[in-house]
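Using the sequences and the hints given, assemble the complete structure.
Here's the letter readout for the chains.
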Amino acid sequence: MDQEIDRLKDQPETGFITSQQEKENKKKKQGDRFSSTVKALKKDWQLYSLLILPIAYLIIFQYLPMIGNVIAFRKFVPGGSMFGEEFVGLHYVRMFINDPTFWRVFKNTLMLGGLTLLFNFPLPIIFAILLNEVKINKFKKFVQTASYLPHFISTVIVAGMIMEILASNGIVNQLIEMITGEKIIFMQSADWFRTIYVGSEVWQRTGWGAILYLAALTNIDPNLYEAAAIDGAGRLRQTWHVTIPGILPTVVTLLILNIGSFMNVGFEKILLLYNPLNYATSDVVSTYLYRIGLISNNFSYSTAIGLFQAIIGFVLVMSANMISKKVTDRSLW
Amino acid sequence: MLSETKAYKVFKIFNYFLLAVIVFVTLTPFMNVVAQSFSSEAYINAGQVFLIPKGFNTETYEVIFGDRTFWLNYRNTILYTILGTAIAMVLTTMLSYVLSKRRLKGRGFFIGFSVFTMFFSGGMIPTYILYNNTLGITNTIWSVVLPGALSIYNMLIMKSFFENLPDSLEEAAAIDGMSTYGIIRSIILPLSKPILATMILFYAVAYWNSWFQAFLYLNNKDLFPVTLYLRNMISGAMGMSDVGQAASDNQTQIASNIKSVTMVLTVLPIITVYPFVQKYFVHGIMLGSVKE
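Heads up: the sequence lines are chains E and L, in that order.
Numbering-wise (the UniProt record's numbering), the first sequence opens with residue 1 and increments by one.
Numbering-wise (the UniProt record's numbering), the second sequence opens with residue 1 and increments by one.
In short, the hints are calculated from the structure, not lab data.
Glycine included, each C-beta is placed from N, C-alpha and C at the ideal position.
Calculated cross-link-like contacts (lysine-lysine; reagent style BS3-like; alpha-carbon spacing at most 25 Å): (1) Lys193/L x Lys101/L; (2) Lys12/L x Lys141/E; (3) Lys9/L x Lys140/E; (4) Lys279/L x Lys138/E; (5) Lys269/E x Lys221/L; (6) Lys141/E x Lys9/L.
Only part of the chain E face toward chain L is listed, based on derived beta-carbon distances under 7 Å: (7) Gln46; (8) Leu50; (9) Leu51; (10) Tyr57; (11) Gln62; (12) Pro65; (13) Met82; (14) Thr145; (15) Gly160; (16) Met161; (17) Phe299; (18) Ala310.
See below:
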């Protein structure tokens, strides 16, 4: 590594004159850039002044915690600096690699994230296409209004509803008892947690998730449908050859975003719904790090886990974006 | 449209039926909670309350109305929502307006700087330490109001709205000698009512619904928002005696209808306002998201 740097340093000296010129050009360019920046600042200072507050906000509330992640590699002393006191290297990383509970919660995160993606990604698309076939406007509006509603409800209320409905004397158990004669203890059973979680996510998000697809659908040129119909395509074929390509860009964009949030499975909801009896399937990385960090006060260890999770999320979104750019020519940026 | 095939007609009937079922399933939990809130506990325990109240009574509402902590927390929620939304609107409008100006030097950098925070964040613990040790805002309303005060997602929607406004208006005003601040005040903001309404609604709903910030950063019960009151009730962290004088028998579990009443009261403002503002935010989000 050092040798390479030396070689790079040496190189310019072999072509002294050109490098001198280059340097001067560079200086000039830098000077130009500097003076044009000054010009821009002068001309648009009012515009720039509007940036001060939001950028300061982002630095304090977003970037400072990012830097605070260094306590994953330093020992945090209660009451001490937010950047920790003593460098311990990969100590905490090694700790979670050897932690069997970590791998259990990691697996749960992947399972819940994967199942959510599997159901919550395609269902809004299907729902939007079905809704688009409705020609009675009043009915369409009514369905939309009803389906968006769960999106606007606090997670606390959703969790409360789930617990009431699935309680041993709740309406679901009444039905089950009528049919099978027995009750299911939903909330205390690890076998049911995934179903409950994914089901409630579908209930909450399908309607709202369809909104962008509905917007994309209204932008499709109706002439395309007529042309397809004249060519003899039935409604199903029209959907396949006109509707799907028409909403594909939206689909890709939302898929990338969905993949990016794959690791952040609904932390708040799980925290409200889980209990030691269903930990086997409900405990995820974020709930585990919450318990380690804020209940057991092991700040550095849980930051290491959080950082690991954040990096996976970041890599996922970057890769999804890159693949999409290559395959479909669509990307987020 | 050409004549419809038989199969398509069958599909249409099936489609209406399916959508009706989806609506029913979506609304059932809400109706169930409302029915429970007006029912007597005995019928709820017997599992007989589905969509219609049984043993109709409003006593539980009176109990909750009489609970000092509930009202205090309810008032806190209103305060946090108004204050938080106001701060968020100022920050979001400023950032999105500036970033919508294509001529701005350094625009790409600032967009990247903002968008990066959507994909990578500091995590729960460093944020907690920052609030608690460095900024010292835990156990104050700022730890609830400030964290959600700039959503980059909302900012991007607003930015693309601004980008679609005609440039000529601003240029004309600038030639007439109007300053940037003046242009924003008398041209941009009046033209942006739909997107402003949408953003206000999004932020207000987010603040109204949030509980986790308060759960993490607040210890003082008098500062809790109503969502946290409800959370403590649901999770059993609150005993019967905490809720007014509702406890006539010594149950450790809080009665279902007390929970239901709290849920109904917490969600009521949203449900009441929601149908009226719905068309604005649907319009707003479509304006902001579809355009390339």
